[in-house]
Amino acid sequence: MTQSNRIDGGSVERGQPISFKFNNKVLTGYTGDTLASALIANGQRLVARSFKFHRPRGIFSAGSEEPSALVQLREGAHQEPNTRATVIELFDGLTATSQNHRGSLEHDFLAINDLFAPFLSAGFYYKTFMWPKALWEKLYEPFIRSAAGLGRLSFKADEDVYDKGFLHCDLLVIGAGPAGLAAALAAGGAGAEVIIADEDFLLGGRLNADSYQIQGKAASAWAADVVAKLNALANVRVMPRTTVYGAFDHGIYGALERKTDHLYSSDGKPRQISWKVYSKHAMLCAGATEQHIGFGNNDRPGIMLAGAVRAYVNRWGAVPGKRVALFTNNDDGWQTAIDLAAKGIEISAIVDSRDIAPVADILNAQILMGGYIADTSGRKGLTSVKLSNGQTVPADCLAVSGGWNPNIHLTCHQRGRPSWSEDLSTFIPGKQLPVGMRVAGAANGTMSLGKILSEGWDTASAIVRELGLEEMDQGAPLADNEAMSGEAYWYVKECKHRAWVDLQNDVTVKDIKQAHLEGFRSVELLKRYTTLGMATDQGKTANVTALAIMAECTNQTIPETGTTMFRPPYTPVPIGAFAGRARGKEFRPVRYTPTHKWAEEQGASFVESGAWMRAQWFPLEGEKSWRESVDREVTQVRSSVGICDVTTLGKIDVQGRNAAEFLNKIYCNGFAKLPISKVRYGLMLREDGFAMDDGTTARLSENHFAMTTTTANAVSVFRHMEFCHQCLWPDLDVHLISTTEQWAQFAVAGPNSRNLLSKVVDDDFDLSNDAFPFMACTELSICGGTPARLFRISFSGELAYEVAVAARYGDALMRALMVAGEEFGVVPYGIEALGVMRIEKGHAAGPELNGQTTAQDLGMGRMVSKAKDSIGSALSEREALNSENGLALMGLRPINVSDTLASGAHFLEPGAAATMENDQGWMTSTAFSPSLGHSIGLGFIRRGQSRIGEVLRAYDPVRNSDLKVEIVSPHFIDPEGERLRG
Amino acid sequence: MARHTLIAQSPLAEFSCEYRDVSLAELTKLSVLAIATPLDGEAALASHLLASCSTVMPTVGKSATSDDEALTLLRLQSDQMFVLLDESKASSTNTVSNLVEKLGAAGYVTDQSDSWVILRIDGVRSRAVLERICPINLNLDYFKIADIARTQMQHLSVIMRRDSDDSFVLMSPRSSATSFLRALTISIENTSD
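Protein sequences, first through last, are from chains B and Z.
Using the numbering used here, the letters of the first sequence correspond one by one to residues 1 to 982.
Using the numbering used here, the letters of the second sequence correspond one by one to residues 1001 to 1193.
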């Protein structure tokens, strides 16, 4: 197809032809075209099918407000549905297909819906398909879901790359039309840090679409000059293809930059960038959107907004029709006829709803003042219009102008309400604007060019002064003020045919009146009942008309009727852009211990533990299951020695003259008198008396302590301690710093642990039980002078130590320990074996410290010192927390030793029904104990300490299990602690 | 003679790479000490620093470097600063242990040398790279040379210092060093033409 509707003029690059496909038809356009302008140039009028009635639809607008011309862009994984042809920048190789039809675009089987339109009125799905009830899920809903919706997903993972970023500026100018360019020039020229963003790829806004002049030159040329000047300023960032989609708190704006959407391939680079823009000031210069008028069959391909028709002709040299009619209620509509006539395009009729003298003489055009369009004809494209005087006038394009609505959306993003302007018959920005925002130009209701330029300039100059900069000497650019008067005319009341208000959602005047009759009169209800204003265009060309109709129905004014709340985003933003690069393994950071590489070499199986990757177990060749590996590791530790990387434990360095006093307040048990070179187990309570975290703390010197926390609570404990220090006891001389990252730490456990360590500690250190007993700590050197810390503590219940070195030596130390331990058959053990051994020993961990349990429940009630005040100690005294019927952490043993216990099971008396009233507690942790040869568990049981030997049911309906268990001591192994003190 | 000796490893195996208009390199010769100011001890600490390091204690958000460029003080908050000790420039008396000894009770010192991966990003594209992950305004009027900030990049905590117009030293936790490097290299890739 040749570009049959292309004429001279415009800003397209005629020396750069572009080949593209629409519905597999190869077409040509030019660099600088949009898909819409290229389709128009090629005479392609039918572009889409409507949402509900599958009516033929064409291109309606020339911007992001487009409700009709939605297409599927690109192919395969790159396919994107519901893209507006009016904002797609044409590129060589572009592929687009029409959407929302069964069969071809020309022959859509579902066009039959249009014949059933009387049954498909607003909210029809709420009233129909009610009987028979059984068919709803099986027939009606699947059918409706299949038929409904706009576009189709590819169902392939999005292969495009997205990114995010942060920008800062003194002034963010939103929109690069006349007001925005004047503002950026005024502020940028004065030295302010300016960002000017516009959704279009060609900056200038309406200046590129109109035939006005600024400073004596074509407005489009003036815009190009200004953009060149701005690009030359180091303090101005010019961002075409960038939509500022949301106004958020504190002067922060969301902006979507389309980096490579105008290219055939993004070549692995981000397709789009979601920017967070931090601004001191912002100017909304987003212009205005033209309003449609409701009249019979006003949705046919070829019926377009008048400003859009003018834009296609002036900017792109693309003629929407050979014979154009105009329907307007304002002077600006006439400008379309004037511009088109100047290009030699036939104007067949001009209909103005105002009963005034014609605004201009248009050669050969029939002019009807005080009239309206009664109906239109042309199934797949407009062929004629019927005027209110009964005449039928041939036309393949009808340009409609119902006036201009300021694009005030961003002024409302923080719940600001717009004001109604009687003069303009439209909403203008209200008094409550986002902090730092000002509005200028058409977005502010200033509609004529000269005033727009001066408003943009003056507003920016005021901001320049507020920034403490010197404003530019030159004044605002000069231009004439064109006539812009108009008179509200929302829809043709005499109309006997369906008149569309919202083209995207197939909402008609009748639908709105029906919503009123059925009581859906609130604007919010109207929107949801009729679907008015939903989907990609958010009713940009429909909302005000709908409000006017509802206002008429309710005998209210439009401002009394209200307006819907504008929320971000202003135009659609792909989910991928919100995600940015945070996909797959980039979703969050990963933390590795210093021995990770070594553990990989051993074939360790890893598990995510928070952000950490921790070795679960270290399988040996021939081992067929994880249990085999874990059992072996536990057995070897209990019989000889094993090493476990415990680097992930939280570590906090506590220093200061009042460090001991501080710890005494943080922990419920005493720390003030902890001797130097000793370690103590500590339990931390929350303010409400419930257990928060536990760990060990070593006193390295009088004013220096090294604390450990659980891995999971490392951050929350540090935060809690900082809060206590800064807010509760700021007068204490104490300082905290995390040393979790600083130290690589290893548990060396088992009867041969001392023997192993003696091979790595330097010669002068005595590891004997007398010299270095249980709960001792020291700073020493190992492996020939490497500084280290050694703690005699045990989580496994065995004779055990934890040795810490600077993280840089972690990998080397693990390798050295393994070599040193060869003669003892040393094994590395993972957190599964660690877990088994702590359950065997009856040590509490995460499942027991779950935020719902107290020191009393954990069997550590006596640790809560009565001799001092500490966080949580007072509230831990509450009666309900010390009830005789309270919980106690106990051990559980299956009566049938071949049974496998499971965490989460609840305890019931034998024969008791499984009800909340009969609940006796729950199983917190379970493991297979290779030491005992059967499954064991820990759990909280009411009055547990007095029920040892009692048999209960471990009832687990989730896993369909009901086992008999015996209550036993939680210390399955070495209850007297002889091993760890040995 | 010790039976086992331990060889130190840097978090990123001394990563260094040149890209078009930007370079990224791990700094491995820096020791990091955290110095906390004792309650009501700021003046004493300041005078100790001046006497022992010939360096004026900077204000919060600023850094100061000793004349021999061996020591750089980063004042992170009112009661905490980091000292970066450049081992390649330090004299024999300007070591970590000497520094700790010199400070005595004037400051509470915690070795943080192994807590951080330290990278320098340098080159005219460095700001464009950081713009993708760093919420700090890197305009020279706002974040000047020798300014420091605690911030976050891709969920990771970062301490950054501006070395020059286009050079920044970035410190992020050691355990997530590979994620931090990845964040930077992706930004480099995403900002290349």
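In short, the hints are calculated from the structure, not lab data.
Don't take every hint at face value.
Once the Cα atoms are required to be at most 20 Å apart in a straight line, the calculated SDA-like pairs of lysine to any residue come out as [unchecked claim]:
no., chain 1, residue 1, chain 2, residue 2
1, B, Lys597, Z, Glu1014
2, B, Lys597, Z, Thr1005
3, Z, Lys1144, B, Lys585
4, B, Lys759, Z, Thr1005
5, B, Lys597, Z, Ser1157
6, B, Lys585, Z, Ser1157
7, B, Lys597, Z, Lys1144
8, Z, Lys1062, B, Gly191
9, B, Lys585, Z, Val1060
10, B, Lys276, Z, Gln1152
Quick list of simulated restraints, FRET-style, between CB atoms [stated by the list, open to error]:
no., chain 1, residue 1, chain 2, residue 2, range
11, B, Lys21, Z, Asp1193, 42 to 50 Å
12, B, Arg686, Z, Arg1150, 21 to 29 Å
13, B, Lys513, Z, Gln1152, 50 to 58 Å
14, Z, Leu1039, B, Arg981, 33 to 41 Å
15, B, Ser121, Z, Gln1152, 16 to 24 Å
16, B, Glu466, Z, Arg1020, 36 to 44 Å
17, Z, Leu1039, B, Arg719, 19 to 27 Å
18, B, Glu141, Z, Asp1193, 44 to 52 Å
19, Z, Arg1003, B, Leu620, 40 to 48 Å
20, B, Ala357, Z, Asp1193, 57 to 65 Å
21, Z, Leu1039, B, Lys585, 53 to 61 Å
In this text, a Cβ means the ideal position worked out from N, Cα and C, and glycines have one as well.
Results for each hint:
1. B/Lys597 <-> Z/Glu1014: With Cα atoms ~16 Å apart, B/Lys597 and Z/Glu1014 stay inside 20 Å; holds.
2. B/Lys597 <-> Z/Thr1005: Distance ~19 Å between B/Lys597 and Z/Thr1005 Cα, so the pair holds.
3. Z/Lys1144 <-> B/Lys585: Violated. Z/Lys1144 to B/Lys585 sits at ~35 Å, over the 20 Å cutoff.
4. B/Lys759 <-> Z/Thr1005: 12 Å, holds
5. B/Lys597 <-> Z/Ser1157: 24 Å, violated
6. B/Lys585 <-> Z/Ser1157: It holds: about 19 Å lies between the C-alpha atoms, which stays within 20 Å.
7. B/Lys597 <-> Z/Lys1144: 39 Å, violated
8. Z/Lys1062 <-> B/Gly191: Given pair Z/Lys1062, B/Gly191 is violated - Cα atoms ~26 Å apart, limit 20 Å.
9. B/Lys585 <-> Z/Val1060: 36 Å, violated
10. B/Lys276 <-> Z/Gln1152: 14 Å, holds
11. B/Lys21 <-> Z/Asp1193: 42 to 50 Å: 28 Å, violated
12. B/Arg686 <-> Z/Arg1150: 21 to 29 Å: Cβ of B/Arg686 to Cβ of Z/Arg1150: about 28 Å, so the range 21 to 29 Å holds.
13. B/Lys513 <-> Z/Gln1152: 50 to 58 Å: 54 Å, holds
14. Z/Leu1039 <-> B/Arg981: 33 to 41 Å: 39 Å, holds
15. B/Ser121 <-> Z/Gln1152: 16 to 24 Å: 53 Å, violated
16. B/Glu466 <-> Z/Arg1020: 36 to 44 Å: 40 Å, holds
17. Z/Leu1039 <-> B/Arg719: 19 to 27 Å: Given range 19 to 27 Å: holds, Cβ gap about 21 Å.
18. B/Glu141 <-> Z/Asp1193: 44 to 52 Å: About 50 Å separates the Cβ atoms of B/Glu141 and Z/Asp1193, which means 44 to 52 Å holds.
19. Z/Arg1003 <-> B/Leu620: 40 to 48 Å: 26 Å, violated
20. B/Ala357 <-> Z/Asp1193: 57 to 65 Å: Given range 57 to 65 Å: holds, Cβ gap about 58 Å.
21. Z/Leu1039 <-> B/Lys585: 53 to 61 Å: 45 Å, violated
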